[in-house]
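Line by line, the protein sequences are chains A and B.
Using the working numbering, the first residue of the first sequence is number 49, and each one after it goes up by one.
Using the working numbering, the first residue of the second sequence is number 49, and each one after it goes up by one.
Hints listed in this document are in silico derivations from the structure and should not be mistaken for laboratory results.
From the three backbone atoms N, C-alpha and C, an ideal C-beta is built for every residue, glycine too.
There could be a bad hint or two in this list.
Unchecked claim - A few chain A residues facing chain B, derived, Cβ under 8 Å:
1. A104
2. M141
3. V149
4. L176
5. I323
6. I350
7. K354
8. A355
2 protein chains.
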Amino acid sequence: MQDSILTGDRPTGALHLGHFIGSLKQRVALQEQYPQTVLIADMQALTDNGTDLKKASQNIVEVMADYLAVGIDPTKTTICQQSALPALAELTMFYANLVSVSRLERNPTVKAEIASKQFGDSIPAGFLTYPISQAADITAFKATLVPVGDDQLPMLEQTNEIVRKVNRLANKQILVECKPLLSNISRLPSVDGKNKMSKSLGNTIMLGSDEDSIRKAVKSMYTDPNHLRVADPGQVEGNVVFTYLDAFYPDQSYVNELKEHYKAGGLGDTKIKGILEECLQELIRPIREERQKLIADPQYLISVLKAGTEKARKVTDEVAVAVKNMYGLML
Amino acid sequence: MQDSILTGDRPTGALHLGHFIGSLKQRVALQEQYPQTVLIADMQALTDNGTDLKKASQNIVEVMADYLAVGIDPTKTTICQQSALPALAELTMFYANLVSVSRLERNPTVKAEIASKQFGDSIPAGFLTYPISQAADITAFKATLVPVGDDQLPMLEQTNEIVRKVNRLANKQILVECKPLLSNISRLPSVDGKNKMSKSLGNTIMLGSDEDSIRKAVKSMYTDPNHLRVADPGQVEGNVVFTYLDAFYPDQSYVNELKEHYKAGGLGDTKIKGILEECLQELIRPIREERQKLIADPQYLISVLKAGTEKARKVTDEVAVAVKNMYGLML
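Okay, chain A solo, but in the shape it has when bound (with noise of 0.2 Å):
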């Protein structure tokens, strides 16, 4: 069988650097040979979000925008809007009672998410059971291969758990294990170099970022603080401006002189920002001259989700069936 692959945001805000290195370059790639469904997952960003009425739905727009401006292509790619499909949530309340509770409260992903969360003695039942709803995404459009990091690893192990579960309960294959495909790629850090990215903390470089706005970034990244004058040795490590330039400078053996040249002194800060702004601008501009043109006109971007959506729900529609029946419940 072909490998097929499921991937997919919470949209919780309009996309940045990272979220293009990460994964959308990928995607890209990644059409032209497989099989390929990107998932706005809406009813997963409602589950730390439950009490913001707009946070998924108004990013909706913003995240397709991106996403075809960097060039997804929906005749390659089905995009689809996860709250447009009910066998999904049909497939979580099946699974849930196939999962403990003890066994979501020591999946490692969901920990360090809480953790880091600040629920408090509140933790909403949505965003500890949101594994199960992965599963459900994942084993719905019957995904063989889920580009992820490290840290999602768990959440993969628990769909396989899942998987094997109704297929041993089943006497037979109704759900297909799925395999990660981890990216190379480490986290892009924020432009401060101090925190995650976020558009809220305004130390990322958004997609649709005009020139001043990368300049500025650019300008403001965090070097090597000990880097005082240009004659000096700087360090190349945990360099913000190098990281960049590793992740976006198209030569690498140009990057690597550079590197050579600060670490030997002689090298200053404005000249590597320079370069990588340059490079960035050239990146952007493209992307937000595409972006600029797709947000103008929301109606067709929300065509294009639905007519995905469409496609999705039969295969969605398909696998909630098959389990139904392991159940004897299409009467």
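Place chain B on chain A using the hints.
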């Protein structure tokens, strides 16, 4: 606004006299006064039977036969299948983001059930969260009256908490609060007076019982173990025969006379069991006969359930759309 009723059963077995006196009889009366929906809660039945593939499905037709045999009239009462109404799963997902895990863990009904079910360290996530699913059911049908026993009141509190939270978020009344319709009938004891009634323990009288089973069950009924000779004074409290006479005998003043006679001495167990048996034979005979006819045509029963489910789809989908609209997700 006119009140409307939601009630239902987990289809984990055919129904017995406890169901008849505890809910079925009331439903037959209520359908004359209110719009009434009876939900066959097959999804909820699986929350503690996730690995028992036939548990829910094999009992759906049995329960349908029980319903119609006792006089629940599908032209007056909408009978529908939970798993065939995806809006219920969708609403469960939305509400799960508004209820904390610790709130679920504090639910007295769920706590008591978890203690009795000996899940050990393996409480299914679907079981812990079923109060949310029940809130989805109640609100999806815009039910204002829910017939419950005392022990189920915390479920309605949980539902109304969700209702108030959603309406506050939406800043308008999307969902409707419900009130309990408390029954004054206490839970019917098992024939042996010891346990909960259960078909598998053989301590109950099913609505489809044949004459011989009824006779045997009444004969084996727990009375007063110290009432050895007819002339002895006997105890009425905890005497299952009198509990059943109270519940089923049409003439309560005659039952009171019997009680006085029994307490004074001179009334034998054989005599009172004879009176009870005759009463139960008369009660069950027409139900059994009707039930036999109905169960012989499972396709008819399924068609009635499907028609009710289609009717239910409209109202439940409406409520799911209202909640999606609140989050701006209906693109």
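Taking the hints in turn, this is what the structure says about them:
1. The beta carbon of A:A104 comes within 6 Å of a beta carbon in chain B, closer than 8 Å, and the hint placing it at the interface holds.
2. Hint on A:M141 holds. Least Cβ distance to chain B is approximately 5 Å, under the 8 Å limit.
3. For A:V149, the shortest C-beta to C-beta distance to chain B is roughly 5 Å, which falls under 8 Å, so the interface hint holds.
4. With a least beta-carbon distance of about 5 Å to chain B, the hint placing A:L176 at the interface is held under the 8 Å criterion.
5. About 42 Å separates the beta-carbon of A:I323 from the nearest beta-carbon of chain B, more than 8 Å, and the hint is not met.
6. Contact between A:I350 and chain B, as hinted, is supported at the beta carbon level, the nearest pair being about 5 Å apart and thus within 8 Å.
7. A least Cβ separation of about 7 Å between A:K354 and chain B falls short of the 8 Å threshold, and the interface hint therefore holds.
8. Nearest Cβ of chain B to the Cβ of A:A355: about 12 Å, over the 8 Å cut. The hint is violated.
Hints 5, 8 from the list above are not met by this structure, while the remaining hints are.
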